[in-house]
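Number of protein chains: 2
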Amino acid sequence: MSELRFDLIQGRWVIIATDRSRRPHDLRSVSQSVTEPSFCPFCPGQERRTPPEILAIGRPPNGAPNGPGWQIRVIPNKYPALSVEGDLERRGVGLFDRMRGVGAHEVVIETPEHEADLGTLPDEHLVRLLRVFRDRLADLYRDRRLKYVLIFKNQGAVAGATLAHPHSQIIATPIIPRIVAQELNQARQHFEAKERCLFCDVLNEELERDERIVLENPHFVVLAPYASRFPFELMILPRRHAAAMTAITDEELAALAGCLGEAARRLHRVLADPPYNLVFHTAPNTEAFLTKPGAWQTLPHDYHWHLEILPRLTQVAGFETGTDFYINPTAPEEATRFLREVEGAG
Amino acid sequence: MSELRFDLIQGRWVIIATDRSRRPHDLRSVSQSVTEPSFCPFCPGQERRTPPEILAIGRPPNGAPNGPGWQIRVIPNKYPALSVEGDLERRGVGLFDRMRGVGAHEVVIETPEHEADLGTLPDEHLVRLLRVFRDRLADLYRDRRLKYVLIFKNQGAVAGATLAHPHSQIIATPIIPRIVAQELNQARQHFEAKERCLFCDVLNEELERDERIVLENPHFVVLAPYASRFPFELMILPRRHAAAMTAITDEELAALAGCLGEAARRLHRVLADPPYNLVFHTAPNTEAFLTKPGAWQTLPHDYHWHLEILPRLTQVAGFETGTDFYINPTAPEEATRFLREVEGAG
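Quick mapping for you: the protein sequence lines, in order, are chains Z and B. So for the first sequence, this note's numbering puts the first residue at 1; every next one is plus one. So for the second sequence, this note's numbering puts the first residue at 347; every next one is plus one.
Treat each hint with caution, since some may be false.
[To be verified] For the chain Z half of the interface with chain B, some residues (derived, Cβ under 8 angstroms), not all of them:
(1) 10
(2) 17
(3) 160
(4) 173
[What the hints assert, rightly or not] Just so you have them, the derived chain Z footprint on chain B, three or more residues with Cβ under 8 angstroms:
(5) 505–517
(6) 524–533
(7) 570–576
(8) 600–606
(9) 624–630
(10) 658–667
[Said to hold, decoys possible] Here are some chain Z residues the structure puts well away from chain B; computed CB gaps all over 10 angstroms:
(11) 124
(12) 240
(13) 258
Rather than coming from a laboratory, the hints here were simulated on the basis of the structure. As the structure is a prediction and not an experimental result, all values here were calculated from the model. For every residue, glycine included, the Cβ atom is placed at its ideal position computed from N, Cα and C.
All chains, full assembly: derive it from the sequences and hints.
Right, dumping it as structure tokens:
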């Protein structure tokens, strides 16, 4: 069982995952390559190599669970950072604060095709994938111990992928992670001052200026954020104000699939298969949630869910790690020009 | 000239360094190795390859500037993220906030020896190096436009070093970076509640528990923080409460050099030359400083300067980048046991 510990000095929770405890010789190199085909545990026919599935999509009606024939498969992570059993047991340890590592850690195998990626999967398949994300989110939010669910994808070894087969991860946490808490606070402050959604305001400002809009459709806008941390960073914003991704309609799902596939194809064309992280930011779970010891807030109707694509083309070094202050060598306006000029190889 | 832009949604400043603008083909791979010897611009005899020096230590009295004979050399960064000319020109751009990239970006060439590192340099040399850091900090803080100075070191390619020759960097910024602002806020809240320094309290708690103390001397304590983000993360805390590193005495400089060298040797022994970031956290510059638009605070006497050593043995992937929530697979108590058991090869 892992443990959550509060960093009193920096004001953030950390997961100490003693279950996957690493001794010095396990730590001697950060992997810079991903595991290759022959024994891929995510390929069809290898289902017994993974923990029993939570959900599978696309298998024919007579297909048995944990056999082939699926189109998308959701499994528990074999080495979970957090696990679902038991109570949080929040307590103080002298000056310090801890709780048990209660949560969930799932893997979404996005396709049976080992060589695919978000840019090569057909839009209909991306719709199925996004629907799986939405449904897992809604399901995990039934458990009121889980305050936040992060859906994310590591594409490429440099971005943290350890297996090449296309997959995403879902981690449900018993606290609101700091970046999300910070976004909630910014949105709240803006709403209190102006009675308008911060994200809607940013979207309108960007659409009016039209310097950082990469692509758009009737439901979503893909833009390079004004203060991007990373070169070619993108944000995908729904035009319709909604706090949580669970509110997405079928029509919006199709529109999001279109944007996401096209954004992936354009990044691939401009940057030659870049490593990237894809993250979903959505409202936290509960009506009253704890951002840090002692600070309860109410459900943020002023939040606005969105996706972030964070290409990993620059090193996150001492300056960034020591200050959370980023140096981005590519202006988002310049990234936008490159991404507008290429058409996706769809 | 680079530009600082405020991320309204995440509440943090970002440097858009358009001077070192990177086009797509420059971005196609994150360097995983460091530049090798023959043309090292930091080696003695190559002084003309760098911008003219700001400071050099150890050259004989008759030695000319920008020639060999130095022991430590401070130069402006050839590709600075921030530069010292002109006014900040803070202004709004519609909804957004920006200022010019005013600041400083220096490189400290730590030794003439290309193959040295913090663990092999003699303690007397580390004292000289730490004195250079202190003096540069004091000098840069004379410029009241500069609100914060970060001294940091990237050791190894994975930690962001692009040249192998031992060097550190100093970046002076016109804003307080978010992690430092967060530490200041945590320290302030703790002080307001208890009229005690948060860092002194943490230090006392850790000394009493003695589970995470790696080494100590009369002036400094090296410990593995309770909520370490990274495996084998270390914090070096001065026992004497002082907000800024500029307050260090000569006796304390010698004690810090001893700790730092010994910590580097032990990490090297246990982890076989790990990549790491070393960062100095000290109080910001001014009596009144701006943490974010509209929020002025006064000089934080409740802060307590310190060093952090952050080994880079795990990937910072989508979960961490998307949430600022870290998964650490090695408990700090376990790291402490390994680091206590080895003696440095001093």
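Consistency of the hints with the structure:
no., hint, in the structure
1, 10, "6 angstroms, holds"
2, 17, "5 angstroms, holds"
3, 160, "2 angstroms, holds"
4, 173, "7 angstroms, holds"
5, 505–517, "holds (count 5)"
6, 524–533, "holds (count 8)"
7, 570–576, "holds (count 5)"
8, 600–606, "violated (count 0)"
9, 624–630, "holds (count 3)"
10, 658–667, "holds (count 9)"
11, 124, "25 angstroms, holds"
12, 240, "18 angstroms, holds"
13, 258, "22 angstroms, holds"
Of the numbered hints given earlier, the model fails hint 8 alone.
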